[in-house]
Structures are given as C-alpha cells and as structure tokens.
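Sequence positions in the sequence shown follow numbering that gives the first Met the number 0 and run 0 to 129.
Don't read these hints as lab results, they were simulated from the structure. Treat the hints loosely; a few may be bogus.
Beta-carbon label-pair distances, calculated as ranges [said to hold, decoys possible]:
1) VAL127 / GLY74: 34 to 40 angstroms
2) LEU25 / HIS112: 16 to 22 angstroms
3) GLU9 / ASP34: 31 to 37 angstroms
4) ARG117 / HIS79: 22 to 28 angstroms
5) GLU9 / HIS112: 31 to 37 angstroms
6) ASP32 / THR7: 33 to 39 angstroms
7) GLY116 / ALA19: 37 to 43 angstroms
Note that this is a predicted model, so its numbers are computed, not measured. All residues carry an ideal CB built from backbone N, CA and C; glycine is no exception.
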Amino acid sequence: MAAALDATVEPLIAEGDLGAWAGRTLAEVHEADPDGVSAWLMDPRACPHGGETLAALLQRVGAWLDAQAARDGRGIAVTHAGVVKAAIVHALGAPAAAFWRVDVAPLGLTELHAHDGRWTVARVNAGVVV
0 MAAALDATVE PLIAEGDLGA WAGRTLAEVH EADPDGVSAW LMDPRACPHG
50 GETLAALLQR VGAWLDAQAA RDGRGIAVTH AGVVKAAIVH ALGAPAAAFW
100 RVDVAPLGLT ELHAHDGRWT VARVNAGVVV
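The task is simple: from the sequences and hints, build the whole structure.
Below, the structure written as structure tokens:
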C-alpha cells in the first residue's frame, strides 16, 4: 500500500536570505568584502549582506522544529543545507558558532527524532556517495 503525502511549501524552512551575496561563492564575497565575511562568520547577529542574520535563521528553523516535535507521526522535509545545519544546531542545543562546524552534503539524509519535546540527531549525510 502506498503512503499518501501531504506536501506543502513551508516558508519557515526556506534557505537563509543572503541578500546581496546570494548566488556568489564565499571566495567571491570574501574578495569583495573580507571584513563583512569576517563579521558574518564571527557574529551571529551580523548582516553585512543585507539579508537574514544567522541568529534569525537559527530562531526561525528552531521554532519550526519545535512545532514539529508536538506532532504525531513522522514527517519529511526537503530543504537546503543551511536549514539542515540550523536544525542540527537546534537539536543539539549547541551555540550558534556550531553552525559553521557542521558539514551537510548535497542530497544527504539527516534524521532527527523528537522525544518528550527534545530532539536527538540520529544521522547526518546518510546516503551520500563520495
């Protein structure tokens, strides 16, 4: 028997808004604005690109994740690496700086479990072929 899917677009798990830096590599941005990149990497409230701060991304994804913990059953989210990293940081209760220490591979599976309102990280980057 096939499972029915209720797919919706959820704005709370959209990738972080990189403002003027969107579509550019970190190397390109660093060459043009090394002080801005440094501030962005060191201060979760810095927003030199005019988009969303890391702190705002972490709060947004954390709020969505906490709402999911209250639901019954399982869910699947297809999203971007920054959102997955933010979810892992939230699940671990780690500081914002941990965001930069999590590598998320394209097309990798990350599995989180909610238990009594708390999250655990079951696996990260599963299914990735190197």
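Each hint, compared with the structure:
The hinted range of 34 to 40 angstroms is not satisfied by VAL127 and GLY74, whose Cβ atoms lie roughly 21 angstroms apart. Our hint of 16 to 22 angstroms for LEU25 and HIS112 is violated, since their Cβ atoms are close to 32 angstroms apart. The hint said 31 to 37 angstroms for the Cβ distance between GLU9 and ASP34, and at roughly 34 angstroms that hint holds. Between ARG117 and HIS79 the Cβ separation comes to about 24 angstroms, which falls inside the hinted range of 22 to 28 angstroms.
Taking 31 to 37 angstroms as the suggested C-beta distance range, the pair GLU9 and HIS112 does not conform, at roughly 19 angstroms. A C-beta distance of roughly 36 angstroms is found between ASP32 and THR7, which places it inside the suggested range of 33 to 39 angstroms. Here the CB-CB span from GLY116 to ALA19 is close to 38 angstroms, well matched to the stated 37 to 43 angstroms.
Checked against the numbered hints listed earlier, the structure breaks hints 1, 2 and 5; every other hint is satisfied.
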